Amino acid sequence: EAGVTQSPTHLIKTRGQQATLRCSPISGHTSVYWYQQALGLGLQFLLWYDEGEERNRGNFPPRFSGRQFPNYSSELNVNALELEDSALYLCASSFGARYNEQFFGPGTRLTVL
Amino acid sequence: GIQVEQSPPDLILQEGANSTLRCNFSDSVNNLQWFHQNPWGQLINLFYIPSGTKQNGRLSATTVATERYSLLYISSSQTTDSGVYFCAPHSGAGSYQLTFGKGTKLSVIP
Numbered sequence: 001e002a003g004v005t006q007s008p009t010h011l012i013k014t015r016g017q018q019a020t021l022r023c024s025p026i027s028g029h030t031s032v033y034w035y036q037q038a039l040g041l042g043l044q045f046l047l048w049y050d051e052g053e054e055r056n057r058g059n060f061p062p063r064f065s066g067r068q069f070p071n072y073s074s075e076l077n078v079n080a081l082e083l084e085d086s087a088l089y090l091c092a093s094s095f096g097a098r099y100n101e102q103f104f105g106p107g108t109r110l111t112v113l
Numbered sequence: 114g115i116q117v118e119q120s121p122p123d124l125i126l127q128e129g130a131n132s133t134l135r136c137n138f139s140d141s142v143n144n145l146q147w148f149h150q151n152p153w154g155q156l157i158n159l160f161y162i163p164s165g166t167k168q169n170g171r172l173s174a175t176t177v178a179t180e181r182y183s184l185l186y187i188s189s190s191q192t193t194d195s196g197v198y199f200c201a202p203h204s205g206a207g208s209y210q211l212t213f214g215k216g217t218k219l220s221v222i223p
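Which chain is which? The protein sequence lines are W and R, in order. Going by the working numbering, the residue at position 112 of the first sequence is 112; the numbering climbs one at a time, nothing skipped. All you need for the working numbering is the position in the second sequence, starting with 1, plus 113.
Hints listed in this document are in silico derivations from the structure and should not be mistaken for laboratory results. Errors might be hidden in some of the hints.
Straight line, CA to CA, 20 Å or less: simulated EDC-like cross-link-like pairs of lysine to aspartate or glutamate [what the hints assert, rightly or not]:
1) R:Lys218 with R:Glu118
2) R:Lys167 with W:Glu101
3) W:Lys13 with W:Glu101
4) R:Lys215 with W:Glu84
Some chain R residues judged to face chain W by a derived CB distance under 10 Å, without partners named [as the list claims (entries may be wrong)]:
5) Ser164
6) Ser204
7) Lys215
From a predicted model like this one, the values you see are computed outputs, not experimental measurements. Cβ atoms here follow ideal geometry from the backbone N, Cα and C, with glycine treated the same way.
Construct all of the structure, not just a fragment, from the sequences and the given hints.
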């Protein structure tokens, strides 16, 4: 069974540009979570999607947004990139909401120059 | 929100040694996961353990939810065990995201 996949693996952008990151959950999983791992800040929760709806977001500005498609895949958009957005972005999926086990993809490493 | 503290922050072991990693959390939790982050950044699931004890090969974990801590035991460590270990409880009622501790960086030397 395929795990969570993310694309691209690496992404290099300049300040002010927009970045789009993609995530495909494990087959049968309907919840997708996004996390940011920035140097020195640890792993922080960004966004949670379930059944196509945004259910919760972490303490991040509105320029971090995303959506979940009918096939439960998801994309994360970061507008007006800033240098401090450079980080590893990890996507996780779980079977439904509630306190089910989350499985992570390999991540997208975003570098903002 | 819930606070998660992991100790020790860094640990250096000789190959073959045993270790115990601790995770304290500030509030009651509905579930808790342990992960190993490899050098490429991938988070590998180790345990999904709301309470009690589970074992998987050389690794085992115990969560005592009433006392708000979890322990990860690594026996007969190998160099491939090196990396960062994270504890992540599920935050609370209605919030199903994980809250991560700062991790324990383990280095196993031959």
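Quick rundown of the hints versus the structure:
Using a Cα cut-off of 20 Å, the hinted pair R:Lys218 and R:Glu118 holds, with the two alpha carbons roughly 13 Å apart. For the hint linking R:Lys167 to W:Glu101, the alpha-carbon distance of about 15 Å falls within 20 Å, and the restraint holds. Taking the CA atoms of W:Lys13 and W:Glu101, the gap is about 33 Å. The hint is violated against a cut of 20 Å. With a CA separation close to 19 Å, the supplied pair R:Lys215 and W:Glu84 stays within the 20 Å bound.
Here the hint on R:Ser164 is broken, as its CB sits about 12 Å from the closest CB of chain W, past 10 Å. Checking R:Ser204 against chain W by beta carbon gives a least distance of about 8 Å; that is within 10 Å, so the hint holds. Because the beta carbon of R:Lys215 sits about 5 Å from the nearest beta carbon in chain W, less than 10 Å, this interface hint is met.
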